[in-house]
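*Asks:* Single-letter residue listing:
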Amino acid sequence: MNSLLDTFSTELRRGTLTLAVLSQLHTPQYGYSLVQRLEKAGVVIEQSTLYPLLRRLEKQEIVTSTWDTTESRPRKYYVISKYGNDLYQQLKSEWATMTVELEKLIEGDGDSGAD
Amino acid sequence: METVELIEVYVYEVTRRLPENNREDIALELQSTIEDMLPESYSEEELMEVLKKLGDPAKLAAKYRDTPSYLIGPRVYDAYVEVMKLAVPWAILIAILVQIVDSVLSFSVDEPLIPAITGTMGMLIGSVVEVLIQVFFWITLTFFLIDRYAGSSDNLSEMMGGQKWNPLSLKNVQIIPKKKIIKRSEVVFGIFWSVIGLLFYFNADRFIGVYRQMDGEGLRMVMPVFDNPVLLSYWPIVVVISALQIGVLLYKFKEKLWTRKLAVTNAVMHVLSILVLVYIASNPALINEAVGPYMVDLLEIDYTSFDNFINWAKWTVIISIVVAVAIEVFDSFRKANMRI
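So the sequence lines, in the order shown, correspond to chains A and B. Under the numbering used here, think of the first position of the first sequence as 1, with each following residue one higher. Under the numbering used here, think of the first position of the second sequence as 1, with each following residue one higher.
If you are wondering where the hints come from, they were derived from the structure by calculation, not from laboratory data. Glycine residues also receive a C-beta, built at the ideal position from the N, C-alpha and C atoms. Any given hint could be a false lead.
Footprint (simulated), chain B over chain A, 3 or more residues, beta carbon under 8 Å [stated by the list, open to error]:
| # | segment |
| --- | --- |
| 1 | 16 to 28 |
| 2 | 67 to 76 |
Quick list of in silico lysine-lysine cross-link-like pairs, DSS-like style, CA-CA up to 25 Å [what the hints assert, rightly or not]:
| # | chain 1 | residue 1 | chain 2 | residue 2 |
| --- | --- | --- | --- | --- |
| 3 | B | Lys335 | A | Lys59 |
| 4 | B | Lys335 | B | Lys183 |
| 5 | B | Lys63 | A | Lys59 |
| 6 | B | Lys63 | B | Lys52 |
| 7 | B | Lys171 | B | Lys183 |
| 8 | B | Lys180 | B | Lys254 |
| 9 | B | Lys254 | B | Lys335 |
| 10 | B | Lys59 | B | Lys180 |
| 11 | A | Lys40 | B | Lys53 |
| 12 | B | Lys53 | B | Lys63 |
| 13 | B | Lys52 | A | Lys40 |
| 14 | B | Lys254 | B | Lys171 |
In isolation and in its complexed conformation, chain A is listed as follows (with noise of 0.2 Å):
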């Protein structure tokens, strides 16, 4: 029953995390800083998965990334490309639609018995 719930609520999820991610691409962040951020607002997202899924940004060019080197250790840095953007705020939009009809239909979940 709960790995049921699991699989559910991951599969919820995973469609947002893109969003999530781009949202915090505004100024440059390299992996770890991004996690940071990530887990601070309460996105769980796993870092095998976030990896990856930067990669699959950049060479989709929704992102850019450079390396600094400059520090004691190298960091490769994303941020997101102007196309991104234009794609983040499409998409942010069509979140914000989404969850308004998905609001209703929760809603109307409680006073479907009455009728």
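Go by the hints and put chain B onto chain A.
*Replies:* For chain B alone, coordinates are given in the frame of chain A:
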């Protein structure tokens, strides 16, 4: 092992599973990420905790890889299964036929029968298994290559199946009702028996005969039942009938279900076969001359009862065939006329 080395080993375990060209980049990023996650001076336990968080290197590598980890993708899976279903029965049929033809042609009359049969059975199983492995391997390999290298287009299934799907194409689809369907196995077995029949017809002098238990040597053929030159004089008509039979079977294969036209063709074919059978059987010279005296001697009966026995046997065979064929023909018309 030093903790720094442990990080290297972890990174290596991930990157060795990845394509060469982005290994270095991923390795560097992973390395710095792991170090980011660790405090200034860390213990081995803390490192283990961090690595545990990152998880199994194989799983992490799989997430980095773009190519899927399945062999036959969903785009070609249907076509793959279809081709398998088509190829496997034919491959088995051909493997069995080749093996039987080979055994029959190499069988010598001096050999005891039973060991020869069991030997052939063993070889049959072996060659069927071998052919199946070959068929599975080559078809799977072909589809794997198509799936992997035919580009990333979504219309691959269209390439395989012909056209893009359109609701209008539903008009061309024929729903085959279960009761009218002609099983593929029926056709395959039909062809199998036709070829086996022909094989034994041409080798009747070596297989169809009077068998006797020989002391210590098992079953051996004493003499053939048929007069071979007489039997073989009918060869053109036998070959033509067999070819027609196979033709009708292939027609059944193509139609997939019983139609009136097919039922008629099938019936005509059966009547023709029976006529030929009766025609050949009615030749009194068909039975080997030597069989009569031999049996009379062996069973201590007179010639008249032997002749009666032969006639009785002939007609029993013919009548049973006629009855079986009549049932099949009747059934085929019933199925053809059935409404969906």
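*Asks:* Indicate, hint by hint, whether the structure satisfies it.
*Replies:* Hints, verified against the model:
{"no.": "1", "hint": "16 to 28", "in the structure": "violated (count 0)"}
{"no.": "2", "hint": "67 to 76", "in the structure": "holds (count 5)"}
{"no.": "3", "hint": "B:Lys335 <-> A:Lys59", "in the structure": "violated (60 Å)"}
{"no.": "4", "hint": "B:Lys335 <-> B:Lys183", "in the structure": "holds (13 Å)"}
{"no.": "5", "hint": "B:Lys63 <-> A:Lys59", "in the structure": "holds (14 Å)"}
{"no.": "6", "hint": "B:Lys63 <-> B:Lys52", "in the structure": "holds (16 Å)"}
{"no.": "7", "hint": "B:Lys171 <-> B:Lys183", "in the structure": "holds (24 Å)"}
{"no.": "8", "hint": "B:Lys180 <-> B:Lys254", "in the structure": "holds (14 Å)"}
{"no.": "9", "hint": "B:Lys254 <-> B:Lys335", "in the structure": "holds (17 Å)"}
{"no.": "10", "hint": "B:Lys59 <-> B:Lys180", "in the structure": "violated (50 Å)"}
{"no.": "11", "hint": "A:Lys40 <-> B:Lys53", "in the structure": "holds (17 Å)"}
{"no.": "12", "hint": "B:Lys53 <-> B:Lys63", "in the structure": "holds (15 Å)"}
{"no.": "13", "hint": "B:Lys52 <-> A:Lys40", "in the structure": "holds (21 Å)"}
{"no.": "14", "hint": "B:Lys254 <-> B:Lys171", "in the structure": "holds (19 Å)"}
Of the hints listed earlier, those the structure fails to meet are numbers 1, 3 and 10, in rising order.
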